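Just so you know, the protein sequences line up as chains G and R, in that order. The opening residue of the first sequence carries number 419 in my numbering; numbering runs sequentially from there. The opening residue of the second sequence carries number 419 in my numbering; numbering runs sequentially from there.
Hints are computed from structural coordinates only; laboratory data are not their basis. All values derive from a computational prediction rather than experimental measurement. Keep in mind that the hints are not guaranteed to be accurate.
To be verified - In silico PhoX-like cross-links for lysine-lysine, where the CA-CA straight-line distance does not exceed 20 Å:
id	chain 1	residue 1	chain 2	residue 2
1	G	579	G	793
2	R	792	R	588
3	R	557	G	624
4	R	579	R	596
5	G	536	G	557
6	G	793	G	719
7	G	624	R	804
8	R	588	R	804
9	G	579	G	596
10	G	692	R	496
11	R	804	R	592
12	R	692	G	496
13	R	804	R	579
14	G	694	G	804
15	R	536	G	548
16	R	792	R	596
17	G	612	R	624
18	G	548	G	592
To be verified - Stretch by stretch, here's where chain G covers chain R in the computed footprint (C-beta under 8 Å, at least three residues):
id	stretch
19	482-494
20	522-532
21	760-772
22	778-786
Backbone N, C-alpha and C fix where the C-beta goes; we use that ideal spot for every residue, glycine too.
Number of protein chains: 2
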Amino acid sequence: MVENGLEALVATSPANVFYSSDLCPYGDTFVLLPLEREIEPAIITSISAPIPVVVMSPPWISDVRYFGEFYTETRWAKEPLDDSERILIAAQESWELTRKLNPTALLFEVLEERGIIKGTIGVDESILPKSHIFWRQIKERLPAIDAVPVSRLFREIRMIKTEEEIRRIKTAVKITEKAWEAALDSAREGMTEKEFAYVYESTILKEGGRPTSHMGVYGAPIALGRRTAFVDLAFPSDYRLRRGDLIRFDGGCSYIGYGCDMARTAVLGEPSEKQKRYYDALSEGVQLAVEMATPREMASKIFNAVVERVRDAGIPHYRRHHVGHGWGLEGYNPPLIGPRDNTELEEGMLLCLETPYYEVGFGGLMLEDIIVVKKSGPQYLTQFNKQLCAIR
Amino acid sequence: MVENGLEALVATSPANVFYSSDLCPYGDTFVLLPLEREIEPAIITSISAPIPVVVMSPPWISDVRYFGEFYTETRWAKEPLDDSERILIAAQESWELTRKLNPTALLFEVLEERGIIKGTIGVDESILPKSHIFWRQIKERLPAIDAVPVSRLFREIRMIKTEEEIRRIKTAVKITEKAWEAALDSAREGMTEKEFAYVYESTILKEGGRPTSHMGVYGAPIALGRRTAFVDLAFPSDYRLRRGDLIRFDGGCSYIGYGCDMARTAVLGEPSEKQKRYYDALSEGVQLAVEMATPREMASKIFNAVVERVRDAGIPHYRRHHVGHGWGLEGYNPPLIGPRDNTELEEGMLLCLETPYYEVGFGGLMLEDIIVVKKSGPQYLTQFNKQLCAIR
C-alpha cells in the first residue's frame with residue numbers, strides 16, 4: 419500500500435476476500451484493509467449464507483457487518499452453547515438491529531466511519547458487485563476519494579506464498595499423489611477411462627480433498643490412449659485401456675481452498691521407443707526449469723533455455739507458449755514462464771513447471787512438478803516418481 | 419430480441435455461453451447470436467483450453483474462431499482418425515493461419531464481417547473480459563452500434579426450461595436421491611459428519627454426478643445434530659451422530675452442467691414431539707406452495723400464503739425471506755418466491771420450493787421439492803419420501 423500510495427485496499431473477488439480475511443465468501447463480500455494499523459479492518463458480507471461461512475471459516479477480522487435478509491431463531495438458545503453457536507447468535511442479532519440491504523452503501527458507510535474519506539484507495543475490480551455503477555457511486559458519495567483498480571496488485575502480492583499457503587498446497591499434492599497411485603494400481607487392460615477416473619476421484623474424497631472440476635461438467639483431468647492428446651480437460655469416456663497406451667493426468671485436487679497442478683504420465687506395458695525418447699526429452703526440460711528457478715532469474719530466460727533443451731534432447735520440432743506458471747487461489751497466477759514475461763523470480767514464489775507435448779494420433783506426454791523458489795535451492799512439493807511409469 | 423429491439427445477443431458468462439451454444443467454456447468466450455436467421459452465429463474462444471472443450475462438448479454453431487496461443491501437433495496425424503481428432507486438427511489449423519491474440523478485437527471483426535454495424539445489440543455484461551474498457555472500445559470501433567447490457571434478459575429467457583434442461587436436472591435429482599438414501603442407510607450412532615458426507619459424495623461420483631462444492635472448500639451440504647441450524651453450507655466436521663439427532667441435507671449434485679437444490683430431514687431414532695410438530699408445519703407450507711405454483715399465479719402471493727400456513731400449522735413465530743426460487747445453470751435464478759417479487763409464474767418454469775427453519779440450540783428442519791410449473795398441475799422432479807424420516 420505504501421509503495422502504491424494507497425490509504426486502504428478493498429478485496430471483492432472470492433480469492434482476494436479469502437486471502438485477506440480467511441473468510442470463504444458466499445455471495446457479495448468486501449474486505450477493507452486500511453493502511454494505518456490503528457484503523458480497524460472490516461468485512462461486509464451477506465447475512466443469508468455467510469452465517470455458516472463465518473462460523474466455519476472464522477476470519478481474523480472481528481468487525482463483520484452483515485447486509486441482506488435471513489432468519490435464524492436465537493431467542494431460545496441456552497447455555498451450554500459452543501463457539502459456533504455463539505458466533506451465529508451474535509451475527510444474527512447484529513444484523514437484526516440494522517437490517518441493511520445494500521453491500522455497497524454499507525462499504526461507503528464503513529469508510530466514512532473509519533475516516534477514510536480522502537486520498538487514493540485500491541478497489542479489487544475483478545468481481546465487483548454492480549461494477550457498472552460502483553465507480554460512479556463512490557465518486558458521488560466520497561468525492562475526495564480517488565478509487566483505483568488493484569486486481570493486478572493483489573495478484574502480485576499473492577505471487578509470494580506464506581508458509582500456511584505452502585502447507586495447504588503440499589497437502590493437496592499429497593492427496594493427488596495418493597489418488598494417482600491408487601488409479602495406477604488399479605489400471606488393467608480393458609478398464610474404461612470413467613472407471614479409472616472414479617478410482618482417482620473417490621480416493622481424493624477419502625483423503626479429505628475435493629476433486630476439482632469445471633462448472634460441474636468435467637470429471638478428473640485424466641485421459642487414456644490417443645485421447646491423452648486432448649490437453650487437460652478431458653471428459654472421462656468409455657474408451658478402454660489397451661496395451662501400449664499412454665495414461666496421463668494433469669491437475670489435482672483442492673484442500674481448504676488451495677489446489678495443485680501437477681502431471682505424470684504412464685504406459686500400460688513397455689513404452690515404445692518414441693514414447694520413451696519424447697518423455698525423456700520433456701523431462702530434461704522440466705529438470706532444467708527447476709534448476710534455473712532461483713531468485714533473480716528472469717522468467718523468459720528460463721522459457722527460452724527450456725524449449726531449446728527439449729529440442730536438443732529429442733523433440734526437434736518442440737513448440738510451446740510457456741513452460742510453467744505461478745499457482746494460487748485462482749489457479750493459474752503470475753508469473754508465466756513464457757517468452758514475454760520478464761518477471762524476476764523471488765524467494766517464496768511457487769511455480770508449476772511443465773513441458774507438455776500433444777500430438778494428434780499419438781497422444782500427450784508430460785511431467786509437471788511444483789516447487790517453491792528458495793535461495794538455498796528449489797523446494798519440491800511433488801514427490802511422486804518422475805519417470806515414465808511402465809505398468810506391468 | 420425482437421421484443422427488446424436487438425440486432426444480436428452476445429453471451430459471455432460461462433452459464434450464458436453454455437446455454438446459447440452447448441459449449442462448456444474455459445476462459446474468455448463470446449457467443450454471437452444474430453437476430454436474422456440468414457446471418458450465421460459464431461463462437462469466439464481460446465485455443466489454449468477450448469480445444470478439448472469443443473471436442474468434448476461440441477457446439478451446434480459451426481463457425482468457431484480461436485484466439486490465444488497453444489500448440490498441438492497435427493502434421494503426423496494419419497487416418498483412421500476419430501471425429502474428436504478431426505475437430506482438433508481443424509481447430510489447430512484454423513488458429514495457426516490467423517494467430518489472433520485478443521478476443522474482443524476478434525468479436526468486433528466478426529460483427530463487421532456479419533454486417534452487424536448499426537442498431538442495438540445486447541451484450542451479457544455479467545462476466546465480460548476487460549469489462550472496464552469494453553464499452554469504450556466497442557463505441558470507438560463500431561460507433562453506429564448501441565451496445566446495452568442484457569444479463570437480466572438472459573436470466574428471463576432461462577427461467578423457462580427446455581425439455582433437455584429438465585431431463586438433466588431430473589438426472590441430478592435422481593443421483594442426489596440415491597446418494598441421500600445410501601447415506602441414510604449407512605447412518606449409525608457414533609458416525610461422524612465427515613464419514614456420513616463421504617458416503618453421500620462417493621455415491622454421487624459412482625452414479626456419474628459431480629458433488630457440488632464452493633471454492634473447493636466446502637464438502638457435502640450435510641449436517642448432524644444441532645449443527646443442522648447452520649444453513650446449507652456446513653463443512654463436514656468430526657461431530658458424532660447421537661440418538662435423537664436431526665440429520666439434514668440441502669443441495670445436490672450436478673450432471674452435465676445442471677445441478678439441483680433439494681432438501682430432506684431425518685432423525686436417528688424416534689422424532690421428539692417438537693421435531694415432529696415443526697416438520698409437519700413446514701411440510702404443509704411446501705405442500706401449499708406446490709399446489710399454488712400454477713401458471714399466472716404471482717410469486718409474492720404464494721409467499722404470503724405459505725408463511726401464513728406454516729404459522730397456523732405449528733410454528734407461530736415463523737419468519738422467512740423466501741419460500742422458493744427458480745434454478746438453472748447459475749444455481750439460484752429468478753423468480754424468487756418472496757414478498758417483493760411480483761413475477762407471474764409461467765408454464766415451464768422450474769421451482770425449488772422450501773420452508774426451512776433454523777433455531778440455534780435446537781437445529782434446522784426442512785423439506786425442499788423441485789417442480790416444473792404446468793397447466794395440468796405440478797410435475798415433481800423430486801421423488802424421495804417427503805416425511806421426516808425416522809432411522810431405526
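Here is what the structure says about each hint:
1. At most 20 Å may separate the alpha-carbon atoms for a hinted pair to count; residue 579(G) and residue 793(G) meet this at roughly 15 Å.
2. As the CA atoms of residue 792(R) and residue 588(R) are separated by approximately 16 Å, the hinted pair is consistent with the 20 Å bound.
3. For the given pair, residue 557(R) sits about 53 Å from residue 624(G) by alpha-carbon distance, which is inconsistent with the 20 Å threshold.
4. Pair hint residue 579(R) plus residue 596(R) does not hold up; C-alpha atoms about 24 Å apart against a cutoff of 20 Å.
5. Using a Cα cut-off of 20 Å, the hinted pair residue 536(G) and residue 557(G) holds, with the two alpha carbons roughly 11 Å apart.
6. This hinted pair checks out: residue 793(G) and residue 719(G) have alpha carbons roughly 18 Å apart, not beyond 20 Å.
7. With a CA separation close to 30 Å, the supplied pair residue 624(G) and residue 804(R) exceeds the 20 Å bound.
8. Among the hinted pairs, residue 588(R) with residue 804(R) is consistent with the structure: their alpha-carbon atoms are about 17 Å apart, no more than 20 Å.
9. For the hint pairing residue 579(G) with residue 596(G), the CA-to-CA distance comes to about 24 Å; that exceeds 20 Å, so the pair is violated.
10. At most 20 Å may separate the alpha-carbon atoms for a hinted pair to count; residue 692(G) and residue 496(R) meet this at roughly 17 Å.
11. Of the pairs offered as hints, the one joining residue 804(R) and residue 592(R) holds, with about 15 Å between alpha carbons and a cut-off of 20 Å not exceeded.
12. With a C-alpha separation of about 17 Å, the suggested pair residue 692(R) and residue 496(G) falls inside the 20 Å cut-off, and the hint holds.
13. Using a Cα cut-off of 20 Å, the hinted pair residue 804(R) and residue 579(R) is violated, with the two alpha carbons roughly 25 Å apart.
14. With a C-alpha separation of about 13 Å, the suggested pairing of residue 694(G) with residue 804(G) holds against the 20 Å cut-off.
15. With a C-alpha separation of about 27 Å, the suggested pair residue 536(R) and residue 548(G) falls outside the 20 Å cut-off, and the hint is violated.
16. Proposed proximity of residue 792(R) and residue 596(R) is contradicted: the alpha carbons are some 26 Å apart, above 20 Å.
17. Straight-line distance between C-alpha atoms of residue 612(G) and residue 624(R) comes to about 10 Å, which keeps the hinted pair within the 20 Å bound.
18. Of the supplied pair hints, the one linking residue 548(G) and residue 592(G) is violated, its CA atoms being roughly 40 Å apart against a limit of 20 Å.
19. A stretch counts as covered by a chain when three or more of its residues have a beta carbon under 8 Å from one of that chain; for the stretch 482-494 of chain R and chain G the count is 7, and the coverage holds.
20. Given a C-beta distance limit of less than 8 Å, the hint that chain G covers the stretch 522-532 of chain R is violated, as 0 residues qualify and 3 are needed.
21. Interface restraint, the stretch 760-772 of chain R with chain G: violated (0 residues with C-beta to C-beta distance below 8 Å; minimum three).
22. For the stretch 778-786 of chain R, the proposed coverage by chain G is satisfied: 3 residues have a C-beta within less than 8 Å of a C-beta in that chain, meeting the threshold of three.
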